[in-house]
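Colleague: Between the sequences and the hints, there should be enough to build the whole structure, so can you do that?
There are 2 protein chains.
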Amino acid sequence: MTQQKKAVIEALSEAGGTHPTAETVYLLAKKRRPSIAMGTVYRNLSLMADAGEIRRITVPDGADRFDIFPKDHFHIICSRCARMYDIPVADAEITVKGLPAGVKLEATSLVMECICPACGGDNIK
Amino acid sequence: MTQQKKAVIEALSEAGGTHPTAETVYLLAKKRRPSIAMGTVYRNLSLMADAGEIRRITVPDGADRFDIFPKDHFHIICSRCARMYDIPVADAEITVKGLPAGVKLEATSLVMECICPACGGDNIK
DNA sequence: TTATGTGCAAATCATTTGCAAGATC
DNA sequence: GATCTTGCAAATGATTTGCACATAA
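Residue numbers (our numbering), protein chains in the order written: chain A, 1 to 125; chain B, 126 to 250.
Think of the hints as simulated: they come from the structure by calculation, not from any bench.
Zero decoy hints are in this set.
So the derived label-pair ranges between C-beta atoms look like this: (1) B/Ala243 with A/Ala51: 20 to 30 Å; (2) B/Glu135 with A/Ala82: 25 to 35 Å; (3) A/Ala51 with B/Thr143: 24 to 34 Å; (4) B/Pro159 with A/Phe69: 43 to 53 Å; (5) A/Met1 with B/Glu178: 49 to 59 Å.
On the chain B side, residues computed to face chain A include the following (Cβ under 8 Å): (6) Ile201; (7) Tyr210; (8) Pro225; (9) Ala226; (10) Lys229; (11) Cys241.
Even for Gly, the Cβ is constructed at its ideal location relative to N, Cα and C.
Modeller: This is the structure:
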């Protein structure tokens, strides 16, 4: 556990549920450890995501987002404004029938696109 | 309708349900119109995707894929081997309860990650 | 002919990586 | 001291864009 990794974890924690990009995590981590390098942030984020400690969220037309809570909610992203919303697992009932035999869904990485209420269908991406 | 756009459409058609990347579309289009440029392929794919004529599929850790059939199936992608599978709409019953009020799901862009049968849980990405 | 699209190359953006120096155990 | 991690900068890969020229309507 290095100071840098600690700063990245604290940055993610500070960002809370805001689905920060690596860039945002970098800026937050820099407040704690000004010498930290972008590459270090990417390295730690990737290591933790691969280890399942955090979640990487790949979205259309933008940088990956990261999320500290790996098991308790799903994500939807607005196709127009790129805002992300959480859906608590308790509230989300996601059913997919008709999967090919043998396929195991990794539902934790589910991301859906939507038009969000703030956009309502009027804004143009 | 230019010769180039036609070549891109025919390339997508030739690729069928293989979810080609822009690179693959470029190679197929080049067979018909050898002078075509990568930039032109990207331009046409983006125009068509924005117009809803084709679908852009953003996947974790890889180039975007494109798909000619915008309305009749969903996609799942294997987290390990990046193979993509189609789920016909008729077979897929996707239900999401607990969406924030006012959110309209754009289910056509749904992509789910899974572990596919070919990987079965043994390969490491 | 007049707007629109193309080819090319350079630019951009997100992300990864090689390597020498530094921190951790 | 051996190993793992960092900082930096350069490399990579995907995609976009500026601009002069070509093409379609």
